[in-house]
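Chemist: For the record, the sequence lines run as chains H and C. The first sequence lines up with residues 1 to 241 when you count with UniProt numbering. The second sequence lines up with residues 1 to 241 when you count with UniProt numbering.
I should point out that these hints are in silico values taken from the structure, not numbers from a laboratory. Please note that a few of the clues may not be correct.
[Stated by the list, open to error] Derived contacts from chain H toward chain C, CB cut-off under 7 angstroms, selection only: (1) Leu43; (2) Gly110; (3) Pro116; (4) Leu117; (5) Val118; (6) Lys123; (7) Leu127; (8) Asn135; (9) Leu139; (10) Trp142.
All C-beta atoms, glycine included, are put in the ideal place defined by N, C-alpha and C.
In case you want the letters, here they are:
There are 2 protein chains.
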Amino acid sequence: MEKREKLYEGKAKVLYTTDSENLLVQYFKDDTTAFDGAKKEVLEDKGVINCAISTVIFEYLEKHGVRTHFVERLSPREMLVKRCEIIPVEVVVRNVAAGSFCRRYGVEEGTPLKEPLVEYFYKSDELHDPMVCPNHVYLFGWATREELGQMTKAALEVNELLKKFFDEIDILLVDFKLEFGRHNGEVILADEITPDSCRLWDKSTMEVLDKDRFRKDMGKVVESYKEVYRRIMERYERVEE
Amino acid sequence: MEKREKLYEGKAKVLYTTDSENLLVQYFKDDTTAFDGAKKEVLEDKGVINCAISTVIFEYLEKHGVRTHFVERLSPREMLVKRCEIIPVEVVVRNVAAGSFCRRYGVEEGTPLKEPLVEYFYKSDELHDPMVCPNHVYLFGWATREELGQMTKAALEVNELLKKFFDEIDILLVDFKLEFGRHNGEVILADEITPDSCRLWDKSTMEVLDKDRFRKDMGKVVESYKEVYRRIMERYERVEE
Ligand SMILES: Nc1ncnc2c1ncn2[C@@H]1O[C@H](COP(=O)(O)OP(=O)(O)O)[C@@H](O)[C@H]1O
Ligand SMILES: Nc1ncnc2c1ncn2[C@@H]1O[C@H](COP(=O)(O)OP(=O)(O)O)[C@@H](O)[C@H]1O
Ligand SMILES: [Mg+2]
Ligand SMILES: [Mg+2]
Chain H
1 MEKREKLYEG KAKVLYTTDS ENLLVQYFKD DTTAFDGAKK EVLEDKGVIN
51 CAISTVIFEY LEKHGVRTHF VERLSPREML VKRCEIIPVE VVVRNVAAGS
101 FCRRYGVEEG TPLKEPLVEY FYKSDELHDP MVCPNHVYLF GWATREELGQ
151 MTKAALEVNE LLKKFFDEID ILLVDFKLEF GRHNGEVILA DEITPDSCRL
201 WDKSTMEVLD KDRFRKDMGK VVESYKEVYR RIMERYERVE E
Chain C
1 MEKREKLYEG KAKVLYTTDS ENLLVQYFKD DTTAFDGAKK EVLEDKGVIN
51 CAISTVIFEY LEKHGVRTHF VERLSPREML VKRCEIIPVE VVVRNVAAGS
101 FCRRYGVEEG TPLKEPLVEY FYKSDELHDP MVCPNHVYLF GWATREELGQ
151 MTKAALEVNE LLKKFFDEID ILLVDFKLEF GRHNGEVILA DEITPDSCRL
201 WDKSTMEVLD KDRFRKDMGK VVESYKEVYR RIMERYERVE E
């Protein structure tokens, strides 16, 4: 499948049209941003690692019954995906308190939550991704009740699957962000699942292995992403092939 | 019913215990605050007007089947209320975009909403009343699913009743904030309904008749509250007696 035109260039990825109207190429850049793009750096190899991790995770989710936009990995930085009409609601699932949740509700970072928490944010860099309730989603017409219900259900399923997936490689899945889109009248999981979009802590040392290393200037960002990928490969490669 | 001990002094009201364990005196102060108490002034007579307005509104709501904490007005600044265990979730109903909603979602002030929007906030001055979703309410155990369902239903009923109530006196009910509490195992409407807790605009001139006059230094704060009360009395006094 060949790339044709650049459809959209985002902060971390570029989408290209293909010969097929229904398919896009998702290209993973090395660009890394935080705070709605205010902080920005190019981190060598990050795009390759993220494309690889996202590939393994989408394949794992598909195998376990989750419908995603993933078709196949085309090259180190490119994956073929189903073209979606993205629903501008970021769905966040949290297992452990971290980040903005701690600041918003005065909870100490690292506090385990009694049950997985699903939060919703309006995808808008300009407005700094403000939090929303399901009521806002319906009012603004971003998704129907049925669609948001499907997204929530899928997000909780993904959480159960990924908790297990990471637990096997001694990583605690603290939280993650998902995006969904409409494809052929169906709501499917889109975008990426990578250390850019998840909080991942080493289970024994609680070492941060995700984008917080970049946000907080902790150094060894790509090294940590590579460590996540190394563990994934060690545990899952032979099983999956 | 006599006041005994000061139970709680808030930003705008004081609660006193009474001879009855089940009843409190709610005393309306002239103190007026905004921005979580950062801005503060004493506005002469405000407490009297707010006590009077809240009285008429609670009586009107009770007459139309809404369960409230209101028992009776005892004096110009005091009402007898049922003692509640306050649920720390402020329920906001919006009919027209204004205030924080506009800033959060980039909507122009004054835009009518397609349908009434219910929002939830965690009542915490310290955290600046952060927005929450029903999911947060359940996770933190602030209210059960059943209680929040009752609060939401009651809030929408109150909205329909108050839209009509204010429409009759040429006032647009833009939005308002409610607090609920548990009393004898039942969830009832508590706190106050006043120009401190509602946005009220004159329907023909769009003049602001509520606490935004204080927040935005527009002057004539108590005068506007008095105008609201004057219209209420003119329209409702003879009907109610
Ligand atoms: N399958 C898909 N079809 C269409 N758009 C997609 C698909 N998957 C992801 N997207 C969108 O493509 C963009 C991915 O690039 P990214 O750099 O993450 O952008 P952004 O800066 O907007 O987050 C996102 O806006 C995302 O919503
Ligand atoms: N019926 C009631 N029983 C117990 N507490 C109540 C009742 N009605 C209102 N309250 C609480 O009393 C306080 C009223 O005073 P206020 O000045 O508004 O306080 P605050 O500064 O906390 O908003 C609020 O905290 C409110 O939640
Ligand atoms: Mg993105
Ligand atoms: Mg109050």
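Chemist: All the hints need checking, so say for each whether the structure fits it.
Modeler: Here is what the structure says about each hint:
1. Leu43: 31 angstroms, violated
2. Gly110: 16 angstroms, violated
3. Pro116: 9 angstroms, violated
4. Leu117: 5 angstroms, holds
5. Val118: 6 angstroms, holds
6. Lys123: Not OK, violated: lysine 123 of chain H not within 7 angstroms of chain C, min 12 angstroms.
7. Leu127: 5 angstroms, holds
8. Asn135: 6 angstroms, holds
9. Leu139: 5 angstroms, holds
10. Trp142: 11 angstroms, violated
In this structure, the earlier hints numbered 1, 2, 3, 6, 10 are contradicted, and the remaining ones agree with it.
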